[in-house]
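J.: What follows is each chain in one-letter form.
2 protein chains.
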Amino acid sequence: MDHDFSKGAAWIRGEIVPIAQATIGVTDWGLTHSDVAYDVVPVWEGAFFRLGDYLERFEASMAAGRMQVGMGRAEIETALHDMVATSGLRAAYVAMVAARGTPIIPGSRDPRDCANHFYAWCVPYVHVVKPEVAEAGAHVWLSEDVRRIPDDSVNPRAKNYHWGDFTQGLFEAKDRGFETVVLPDHAGNVTEGPGFNIFALKGGMVITPDRGVLHGITRRTVLELARAEGLDTCERALPVTELMEADEVFLSSSGGGVIPVSRVGERRFSNGAAGPVALRLRAAYFAALQDPVRRTEIDYS
Amino acid sequence: MDHDFSKGAAWIRGEIVPIAQATIGVTDWGLTHSDVAYDVVPVWEGAFFRLGDYLERFEASMAAGRMQVGMGRAEIETALHDMVATSGLRAAYVAMVAARGTPIIPGSRDPRDCANHFYAWCVPYVHVVKPEVAEAGAHVWLSEDVRRIPDDSVNPRAKNYHWGDFTQGLFEAKDRGFETVVLPDHAGNVTEGPGFNIFALKGGMVITPDRGVLHGITRRTVLELARAEGLDTCERALPVTELMEADEVFLSSSGGGVIPVSRVGERRFSNGAAGPVALRLRAAYFAALQDPVRRTEIDYS
Chain A
1 MDHDFSKGAA WIRGEIVPIA QATIGVTDWG LTHSDVAYDV VPVWEGAFFR
51 LGDYLERFEA SMAAGRMQVG MGRAEIETAL HDMVATSGLR AAYVAMVAAR
101 GTPIIPGSRD PRDCANHFYA WCVPYVHVVK PEVAEAGAHV WLSEDVRRIP
151 DDSVNPRAKN YHWGDFTQGL FEAKDRGFET VVLPDHAGNV TEGPGFNIFA
201 LKGGMVITPD RGVLHGITRR TVLELARAEG LDTCERALPV TELMEADEVF
251 LSSSGGGVIP VSRVGERRFS NGAAGPVALR LRAAYFAALQ DPVRRTEIDY
301 S
Chain B
1 MDHDFSKGAA WIRGEIVPIA QATIGVTDWG LTHSDVAYDV VPVWEGAFFR
51 LGDYLERFEA SMAAGRMQVG MGRAEIETAL HDMVATSGLR AAYVAMVAAR
101 GTPIIPGSRD PRDCANHFYA WCVPYVHVVK PEVAEAGAHV WLSEDVRRIP
151 DDSVNPRAKN YHWGDFTQGL FEAKDRGFET VVLPDHAGNV TEGPGFNIFA
201 LKGGMVITPD RGVLHGITRR TVLELARAEG LDTCERALPV TELMEADEVF
251 LSSSGGGVIP VSRVGERRFS NGAAGPVALR LRAAYFAALQ DPVRRTEIDY
301 S
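Protein chains in written order, with the working numbering: chain A, 1 to 301; chain B, 1 to 301.
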């Protein structure tokens, strides 16, 4: 039995195991139909951040997907806590997942017949953009070929694994030497990227798309921090043309907080450096991670 | 060690194992990003049907997803053959899968850094619509709430696991007592359903959508069989209004061949029974499965 938890841990079928031993069956509809509701809560300096908010959204995603895993919030919270404590990780990416499972009635093609199940896993903290890149200002590619999956096809507010559009967009971005990608929608508005929301700052107003995107918890934190900084905020459609005329652009993610953007395609912002407001919000985000009211301390003993 | 292959078998990491033992890791991007290219070839009466065509499409799907699994067509064919032979299944649903894997460089978010891998699995033959339902004419729901994922978001011709739109559509259909669902696109055309293409027959012309759908091998077989029956065929956009005015409607799937449809929503076709042309094509499909030229016999000894 392997007891190396340095690369992460999983809670699966009631047991806590090293991450390399956590698997799901190749016929699980969670895989074959990408039929999963999930969420990711960050652990920072030994505590979950805004755990209640992440659990609430996870429950909403499960409800949207009509998943019933037979575990209440307290049991899920205990599973996450015990798993992270066992891993010993003090800064972690913590995923909670509800998968459709397989039909109880053999041969059924009815999603209502499946035995849904819960599992969770954690790995060392993930930065969607490396900190040194974020601090210099990330270069973001706005996809030319790929449009974000519309919200009347797959609901982006129920956090899900449908990343085919992001992956094709990432190939497009990486081939051109960009760090990551943002996808437009079919109406010419900006949506989001793989693992993050996007913001434009224009004349003291922080604007972020409201439709066709995940309503990120970090997005919410950033809007709160922006208002605390005296900025106005607005959630609405953000046309690509307006993004390109912004004073500053930045991203938000539970994997790295606020990520300044110095370039979108050929357009450079803030003279090709991280913008001052984005950097201030980035610092404010890392300070907020220390807020005892929002922290759920983990007992590693 | 379990040696019960009655429920199916898998070829994974070079080994053939009972299906229940075939798993992939919970951090594999094949799962977490639904980043998979796959295909399914039917085995009927001890032989693969049109194996070369399915392998060709699988290779095209892998190329579209920029997957390299380090196995050529001959090796994949050998893996499939040995797996089905070991299972003993003479009628089977045989899946071949290329998964993105995980980054070789820890912490990378670049899909180019991942170690792609191949696996395969087979289970007893799957009917997407039960034969007794198909023969009476299936009741199909045309989704009111969900639109098929557009082809500039996720390419439907590269067979993939992005089924979120189908799953929501299936809930809508099943809640209303329908067998399965067909999704419209954003322009009011019919696309496809979970595991099948759709056809309309009008005045001797067989029409099937060409864009925004998988180009099914069974779809191709049906078009060939229709022409052999003296019918004209046409691949083009099929407006929902035109589908509703058809003489007959039917589906095609490697999981069941030609499936007559007696009802789409409130509209009944062929007086609420399976249509005569659809039944003739259904019989022709099962006859075609016997065609030695298209069969690759499996050596079970």
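Fair warning: there could be bad hints in the mix.
Copies of one chain are not kept apart here, so a pair can be met inside one copy or by any two copies together.
[To be verified] Listed below are the simulated SDA-like cross-link pairs for lysine to any residue, each with C-alpha atoms no more than 20 Å apart in a straight line:
no. : residue 1 : residue 2
1   : Lys7      : Glu135
2   : Lys130    : Val293
3   : Lys7      : Thr86
4   : Lys174    : Ile19
5   : Lys202    : Glu56
6   : Lys7      : Ile105
7   : Lys202    : Leu289
8   : Lys130    : Asp113
9   : Lys130    : Glu229
10  : Lys7      : Pro106
11  : Lys174    : Arg109
12  : Lys130    : Gly272
13  : Lys7      : Ile19
14  : Lys130    : Cys234
15  : Lys7      : His127
16  : Lys7      : Asp113
Rather than coming from a laboratory, the hints here were simulated on the basis of the structure. Note that the coordinates shown come from a computational prediction; the quantities given were computed from them, not determined experimentally.
J.: Report the numbers of all earlier hints that the structure fails to satisfy, in ascending order.
T.: Of the numbered hints, 1, 2, 4, 5, 7, 9 and 14 do not hold.
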